[in-house]
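Chemist: If you read the protein sequences in the order shown, they are chains L and B.
Residue numbering for the first sequence follows our numbering, starting at 22 and increasing by one per position.
Residue numbering for the second sequence follows our numbering, starting at 771 and increasing by one per position.
Keep in mind that the hints were calculated from the coordinates and are not lab data.
Where hints are given, some of them may not hold.
Under the rule of at most 25 Å between Cα atoms (straight-line distance), these lysine to aspartate or glutamate pairs were calculated in the DMTMM-like manner [claimed, not checked]: (1) K107(L) to E241(L); (2) K237(L) to E162(L); (3) K237(L) to E948(B); (4) K101(L) to D243(L); (5) K950(B) to D243(L); (6) K950(B) to D197(L); (7) K957(B) to E205(L); (8) K950(B) to D69(L); (9) K957(B) to D197(L); (10) K950(B) to E162(L); (11) K957(B) to E162(L); (12) K957(B) to D232(L); (13) K957(B) to D69(L); (14) K101(L) to D208(L); (15) K950(B) to D236(L); (16) K773(B) to D69(L); (17) K773(B) to D236(L).
Each chain is listed here by its residues.
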Amino acid sequence: MWVLLAIAVVVVGFAVGLNSMLVVTAAGIVAGLIGGLSLVQILNAFGDGFAGSRSVTVFIVTLPVIGLIERYGLQHQARKLISKLKVLTTGRLLAIYLLIRQGTAAVGLTSIGGPAQAVRPLIAPMAAGAATANCPRRVQEKIKGFAASADTVGLFFGEDIFVAIGSILLITGFVDTTYGLQLEAIDIAVWAIPTGICALLIHGVRLILLDRQLDKLAAEADEEVAR
Amino acid sequence: MIKVEWFYWLCGLFFGLIALQVINDRSNPKRIGSAAFWGILGLSFGYGTFVVNKQGPSWLLGIAVIGLALLATLGLLFNASGVGKAVGRVTDHLVPKGSLIAAVALYCIGMAVFTIIMGNAFAAFPVMTAAVGWPLLVQQFDGTPAVVFAIGMLAGFCGTLCTPMAANFNLVPAALLELKDQYGPIKAQIPTAVPLLACNIALMYVFAF
Numbered sequence: 022m023w024v025l026l027a028i029a030v031v032v033v034g035f036a037v038g039l040n041s042m043l044v045v046t047a048a049g050i051v052a053g054l055i056g057g058l059s060l061v062q063i064l065n066a067f068g069d070g071f072a073g074s075r076s077v078t079v080f081i082v083t084l085p086v087i088g089l090i091e092r093y094g095l096q097h098q099a100r101k102l103i104s105k106l107k108v109l110t111t112g113r114l115l116a117i118y119l120l121i122r123q124g125t126a127a128v129g130l131t132s133i134g135g136p137a138q139a140v141r142p143l144i145a146p147m148a149a150g151a152a153t154a155n156c157p158r159r160v161q162e163k164i165k166g167f168a169a170s171a172d173t174v175g176l177f178f179g180e181d182i183f184v185a186i187g188s189i190l191l192i193t194g195f196v197d198t199t200y201g202l203q204l205e206a207i208d209i210a211v212w213a214i215p216t217g218i219c220a221l222l223i224h225g226v227r228l229i230l231l232d233r234q235l236d237k238l239a240a241e242a243d244e245e246v247a248r
Numbered sequence: 771m772i773k774v775e776w777f778y779w780l781c782g783l784f785f786g787l788i789a790l791q792v793i794n795d796r797s798n799p800k801r802i803g804s805a806a807f808w809g810i811l812g813l814s815f816g817y818g819t820f821v822v823n824k825q826g827p828s829w830l831l832g833i834a835v836i837g838l839a840l841l842a843t844l845g846l847l848f849n850a851s852g853v854g855k856a857v858g859r860v861t862d863h864l865v866p867k868g869s870l871i872a873a874v875a876l877y878c879i880g881m882a883v884f885t886i887i888m889g890n891a892f893a894a895f896p897v898m899t900a901a902v903g904w905p906l907l908v909q910q911f912d913g914t915p916a917v918v919f920a921i922g923m924l925a926g927f928c929g930t931l932c933t934p935m936a937a938n939f940n941l942v943p944a945a946l947l948e949l950k951d952q953y954g955p956i957k958a959q960i961p962t963a964v965p966l967l968a969c970n971i972a973l974m975y976v977f978a979f
């Protein structure tokens, strides 16, 4: 029962506003010590965890390439192109991206999108280009935040429909070994579809409604300037 | 054949180059500390290969990681020390005996809350499944396992949308897009995550029993 103290460490650490890495490490060590792990076992757990999760950071190697194509004006071109298409508002564009992101993730193509390789170089500038001509800072921030959210929501609730994805293999692996069930990946994947549809509807509607919010923000900013 | 380890070495090399750039930047008052951070991070990426292949002791890397204090390792340690069973004992007292909807809500909301705390639905899944999903929903209420576990995991994903602990999904995009407010993506996602969590509870209640 005392292991739950580790969660208290996390909550207090974040409430006080300490560096998040420090908080999480301290919580991990506390959990390990109270759980009766030796110092070496805790260090081993950290080491194995780090070695096993290096894949999270692989996107770093794409950054120099993204930087290079930005230098040659990709963002500018994306923005110019989209501002000519009047039907495509910011909200509609992001809703279409959500649909594409979720659809491709559902057939296993999770690397097509992503914040480093798609949102920063293409989707965010296109979404900004589709908005009104002069974009105040607050509107830009909002557009970027929603561009990132379209990518993440699409990925999360699309990838689980594909059978060979980590989360599904974790579910079958865990319950089959722990409880002696014989669940197949396809059984789990099928039951991700209803939630996937709900996610698409909820976030899609919010993205389409985003246009109105942006207009309001832009009008407010104009008023401030007029004053 | 290209191996994934090569990419880790490439990442390590990249971090090493950053370390060199930082140490040569004389205008940076914290350059020694920063360079040490990037340098250790780079070396850890290379050394990780030997740990995975069981050619080197992993505690050595553990010491380096404590120095770097990495987010992704928390769930592993939580599990190794038996947090799941402890949560089960707490939840026993929380659910009114025999209420199916309360048990479903507890499993889904628990998945979301644990994911928010740990930053990772994968870490929350074994904990909440051992505490509620298996003993209550599957064994006691006779729920269909595939539906319970599939939707339970997705309830956890709703938590991932809301938490700065899931740095690679929520904070990294904010940094990549140069947002002034690093919580911008989370703020855009919370109003979707909350109704979607309610949908998950309803879907599990309708389809699993």
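Chemist: For which of the previously enumerated hints does the structure constitute a violation, in increasing order of number?
Modeler: 6, 7, 8, 9, 13, 14, 17
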